[in-house]
Each structure stands twice: as structure tokens, then as C-alpha cells.
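Sequences listed follow chains F and G, in order. Going by numbering that gives the first Met the number 0, the first sequence opens with residue 0, and the numbers climb by one from there. Going by numbering that gives the first Met the number 0, the second sequence opens with residue 0, and the numbers climb by one from there.
By construction, these hints were calculated from the structure, which means they are not laboratory data. Where hints are given, some of them may not hold.
To be verified - Computed from the model, here is a short list of chain G residues facing chain F with C-beta under 10 Å:
1) 0
2) 7
3) 18
4) 55
5) 56
6) 67
7) 81
Claimed, not checked - Restraint-style ranges between C-beta atoms, simulated for each label pair:
8) F/414 with G/85: 28 to 38 Å
9) G/85 with F/504: 19 to 29 Å
10) F/377 with G/60: 43 to 53 Å
As the list claims (entries may be wrong) - Listed below are several chain G residues computed to face chain F (Cβ distance under 7 Å; list not exhaustive):
11) 3
12) 6
13) 9
14) 42
15) 44
16) 48
17) 73
18) 75
19) 77
20) 78
21) 89
22) 91
23) 94
Built from N, CA and C at the ideal position, the CB exists for glycine as well.
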Amino acid sequence: MIDPITFQIIRHRLYRVVEEAVITLKNVSGSAITNEGHDLMVSLYRPDGTLLMGGVGFLHHLTSAAEACKSVQRRFDGKIYEGDVYLLNDPYTAALHTSDIYLIAPIHHAGQLVAWSACFVHVYDIGAMSPGGFSPDSVDIYTEGFSSPGIKLVERGEMRDDVLDTFLNMVRSPEMVALDISSMIACNNVARERMLAMIDKYGFETVDAACAELIDQSERLLRERLRELPDGAWESRQYISVKDEVFKVVLKMTKQDDELVFDFTGSSPQAPYAINCTYWASLGGLFAPLFPLLCYDITWNEGVIRPIKMIVPDDSIVNCTRPAPISVATVGAIQSVNSAACLTIGKMLDASEKYKEEATAVWHANHFAIFMFGQNQHNREAIGILTEVFAGSGGARTFADGVDLGGEIPNPISRMANVETMEAGFPLRYLFRRRFTDSGGPGEFRGGTGMEFCIVPHDAPQGGMHYVVSGKGTDFPMSDGLSGGYPGAPCKYIWVRNNDADASDRNLDYAFAQTIDDMPGEQESVSWGVYPLLGEDALFVQWDGGGGYGDPLQRIPGAVLADVSAGTVTEAIADRVFGVILDSDKQAVDQGATETRRQEIRSQRLMEAAE
Amino acid sequence: MTRRFSRTLVVNDGDGGAVAHVCCGTCDHPLAANGTPWKPGAKLVASPVTGLGGDRWIAGERVVLRQFVCPNCGALLDTETALPEDPFLNDVLTR
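In isolation and in its complexed conformation, chain F is listed as follows (with noise of 0.2 Å):
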């Protein structure tokens, strides 16, 4: 039996190797949506590949590299050496979508297979229909790009030229796009390099036995956290609309003593927009909530997996049947049924008092992509994502208000690029970036605020550019409520089409516009599709708070006097939704009349329900 020390010191090297190889990664990649938005992971694998310890990143994806490793195992068995590094990116074997590559590689100890290092990013590229991978016209997986259940990129230490040509041949940009590669290839050395000097170190009997341990302790510990909590099922609904269509994921949570299962019964059937996503994918899309919430103290691997059983109907939005499209499904289904596991974990701990304090409501469940392509101002091709979605919106908890763009549930470090980067890289010039009021979810404690911006061309040498988006949250608002707290705000993506506009109704004052009911053109929705940014055009987005938590009528009228100050939330809702009425001068509370005024709300819901 590994004494104690050891065992603490060697969960803490693990966790140190998997960060270590994440500033590699990131240091070497050459992309915004690696270094800024920091879409990517990396994470270590047992030798039969179960997860050993999940790192940072995108989280949906620790359970899906698992799966990876295992593909590559059957798929290479008998041919993986030393020194090899696999590419996998195919959905319908492991991975999300075709643009979330994934680099494994073994790690050897004495010629033994002893370990798998595992990491993705969103290349650059990967030559889909779309510029950047995301494809909202896309039908089926086949115009998704270049897509492999597992290839063999390097072998016994020397690159595969063939192969990665032949590859770099059906991606644009591929100069950035072999960059990707490279961050990849330097982060699993690195992994490799800090794990075989801990082995050297404490021998591999001792480190083996440490992350057998490991395992074990993550799986006790679950279990005993979940024998703390309640029994019962908690259901939750996600809406996704497409074209006028709506799309549904549904998920009923029971849990029983020591174990959780998660059941999708009941979700659309597959779409034939690309918001799809496979088993693997909605494995990993639960999972995404699950670490933090319920394993904020436990390490993340294949321990904590044990416990959890995932129920998801076959040919349906959340386990889709090749050769569905499957491009949108990180910002589609996957992001829905993290929110809807979001929720129905945040029922269950609300439920308890000695975890309510872990609860939380729906954060940023919009999660959208826009990619914007043209020639820039350097007169290069550029390719790349507007990385303000990684600010997200903070759920509100059961102590606290949500973060005002507080980021995401299933990415722990997510965030956006400053304006000054993305305009370096774009020809654009943003014309505001702002929190947007009244956006955060209303409750005893409120959402945090998302966020509103406006581009438009600057300095383009073909006059702009064009961008992909794949949006979602106009017909629904998406990040729910938790214990009577409202919602976060619906979303909007328009494109001011001012180069339409009446010749008398163009001038130069909207060139600064600080909104876009300031400018000439007709405003058109544009949540799915590619649409121009040439000339006078505007892009303009806003999307949802996190979801409040409680009755609105609970929040203090101070907090809400302070959101009003600081222009979170309007006077309007603060008298309509939160009851509070402010003195004339907006300067302090009026008591009276905001207990006179929360009374009549109340008697006004009684009033509504009988009607």
C-alpha cells in the first residue's frame, strides 16, 4: 500500500504535468481561440485509456479523449510504439465535431506502455464547407471537412510527412493550421517528458499504484458525496431553434443512494441542421457541469465516472446516426445537454443544506460561434472566431449574484480576446462592447449581465469581410432560472444593412454609433447561415445573462438601487420585476413604497393565475 505523502505528492505532480502542458499548448499555438478563448484541453489517461486526470480547458471533452484513447488502442493494437502520436477527430468514433482535434500520444517506461497523454484544440481550419469548421449549411458529415477515426501522425518519433501533407492539403490556412499541430505535438511531449521524470523519480510501481489509488479515492468519494444528497428526479428542457424549427433536449436526473442517471428520453429526433451531437458528445456534455459542481474537491477521472449512467434514445438530437450533420454540435446539442445536467444538478444540491451553497443556475446556455473569413488588412487570409461568446454569463448561486460575464460552466478558464487583438487580426473596427442591461436572470439573486457588441469593416482591402454564424437563444431564452429565478435575457445577432439604406439617410454620424437603432439600415436577424460584412454593414450581437436564483421579490432593495447605479438593470424592472422603488433622484430606496409595491406584485400573480 502506497504510504499517504507519496500518494498527495503524486496527485499533485499529476495535476502539475497536466498544467504545465497546457502553457506549452497554448504558448505555441498561434490562434485566438487557443491563447484567448482558450478552447482546448489536455488531459492524462490510464494505459487501457480510462481518464486518469482531467485538466482544464473544455470539459466536455475529458470523457470523449477517454474514448479516443481506446479507438486508437483497438484500432493500432499491436502497432503503437514509442515515440507515436495519433490524430482523431472523427464524432462518430470519439470526438465532438471535426474541428476538435485530438492529439494522443502513448507514453513508454522501459519499452511498457504506461500512460496516454491526450489534448485538443479548435484548428484553425479543417476544411469543412465553412471557413473555420462551423457549418450551419451543412447536411451531413461528409461537408463537415476532413474527419478520421485515427491516424497515425508521428511514429516512433518522426513525423508521418505523408500524412500531415495530406491532411495540411484539405484545410485552409494550413500554415496556421500546422501550427495547431505543432502546439499539440509540443504539449504531449511535454506531458510525456514531466511524467517519465516523476516515474524515474518514485519508480513506476509506485506511480502506477498512486493512480490506481487515485481512481479509487475520486470513485469512494463521489459516492459518499452522493449518499449525502437527497434522493429523487429533477427534470430539465432545453430548447434549440433552427429555421423556425424547434429542437428539444429533455433530461429527467434520478438519483438513487450512490448512484446518478441521467436519462434523454423524450428529445427530438435527429435535426438536419449540424446542431447534432453523438453518444460520446452528450457523455461528455453532462459530464461538463458534473466536475465542477458535484467534484469541485475531487479529481476529475474515471472514478467519478463509475457512479453516473447516461440513458440517451438512438437516431435523436443527443445520439445522432451517422452520417448526420454534426458541425454546430459543440454550441448546439452538446452545450444544451450541459445546461440541462447544469440544472437538474443544481436542483439536487439546492435541495440539500449542506450542499445548497454548491448550487447554481444556468450559465451563458447560448454559447454560439462566429468565424469570420476574408482577406485582412495585412492582406492575408484570416480565419478566426469572434472569442467574445467565452465571456459568458455567470448563473446566479444560492449566496451570491452570477459574475457579470463571468464565463462558462464547462470551461473553468474560458475567456475573450481584448478589442485591440481581435482588430490586429480583422479588418473591423468594434463601434461598443458592453455589458448588456438587464440581461442577467432576475431573482432574491441575479444572473450575471452578458454582454452586447457591434462591428463593422475597417481598413478591409476588399471593403469587409464575411463571417459563419451559428446562433442560438433569439425564440428562447436558454439559461434557466433556478428556484424562481427568471432566466437570462434572449439573444440577437443582426446585421444592420446600411449600405441599403436611403442615400438621405447616410452620413458619417453612425460611423460612431453607440446603438444600432442609431443607424440608417434595416435590421435583419442572422442566427444561422454566412452573410457579408461589406461597406457600411453592421454586425451586431447580444446575448443572454446567466439565470437568476429565487423570488425577485426577495433581493434586497439595496442590491438592486446598486444595479440600477451601475446600469445592470433598469428602473422599469427594478419596479416591474424586482418591486423596488427608487426616490427621485435615484440615489436611495423608498421603502414604503417598495413594501406597498412588492405586496402588489404579489397580489397580482394571485390575480393573473385565477384568471
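Mind docking chain G on chain F? Use the hints.
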């Protein structure tokens, strides 16, 4: 004995073997026997999402926010986004 169901709901275990009930956390008004769906025992206010949280809340025409209200005191117990034809989301505690 009272147990937590959520921020706005409690379970009151009946004395002497009486049936436990899910009750409003503010006024203790009973809504349903524990272990069964409690929402049918609440008052339902279904409001269009458009305009609900501000002038810039614009959603699909048929999309509502269901607000489940204590029929006794008017406390807001839970919410859910829904299309009219979709069933209530039911949450139950079994232990």
C-alpha cells in the same frame, strides 16, 4: 420536522405517521404529498417571455415563462421556460 426541497419549498414530514407534504417555504401552505409532482398544487402564471425582463427581451411568440406561485401568499416558487403544449418539469424528492 421540516426538510429543504429548494430555496422556496420545504417538505413537512407529517407528525405521527401522517403524510409528508411539499409546502411553500414562506407560508407553509401544502402543495402536494411528498414524492408526487407539486406544481399542479401551485397557481400558474404563464407570461410571454417577450418584454418580461426588459424592453430588449424579444423571444418567440409562443414562448412563455411559467411562474409557479404559492396560492396562499403569492411567493414565486419556481419558473420554467416552455411552449404551451409542453408538460411541466416535475421534480420530486424520494428520500
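Evaluated hints:
| no. | hint | verdict |
| --- | --- | --- |
| 1 | 0 | 12 Å, violated |
| 2 | 7 | 5 Å, holds |
| 3 | 18 | 17 Å, violated |
| 4 | 55 | 6 Å, holds |
| 5 | 56 | 5 Å, holds |
| 6 | 67 | 8 Å, holds |
| 7 | 81 | 7 Å, holds |
| 8 | F/414 with G/85: 28 to 38 Å | 35 Å, holds |
| 9 | G/85 with F/504: 19 to 29 Å | 43 Å, violated |
| 10 | F/377 with G/60: 43 to 53 Å | 46 Å, holds |
| 11 | 3 | 5 Å, holds |
| 12 | 6 | 4 Å, holds |
| 13 | 9 | 10 Å, violated |
| 14 | 42 | 3 Å, holds |
| 15 | 44 | 5 Å, holds |
| 16 | 48 | 6 Å, holds |
| 17 | 73 | 3 Å, holds |
| 18 | 75 | 4 Å, holds |
| 19 | 77 | 6 Å, holds |
| 20 | 78 | 5 Å, holds |
| 21 | 89 | 6 Å, holds |
| 22 | 91 | 5 Å, holds |
| 23 | 94 | 4 Å, holds |
Checked against the numbered hints above, the structure breaks hints 1, 3, 9, 13 and satisfies the rest.
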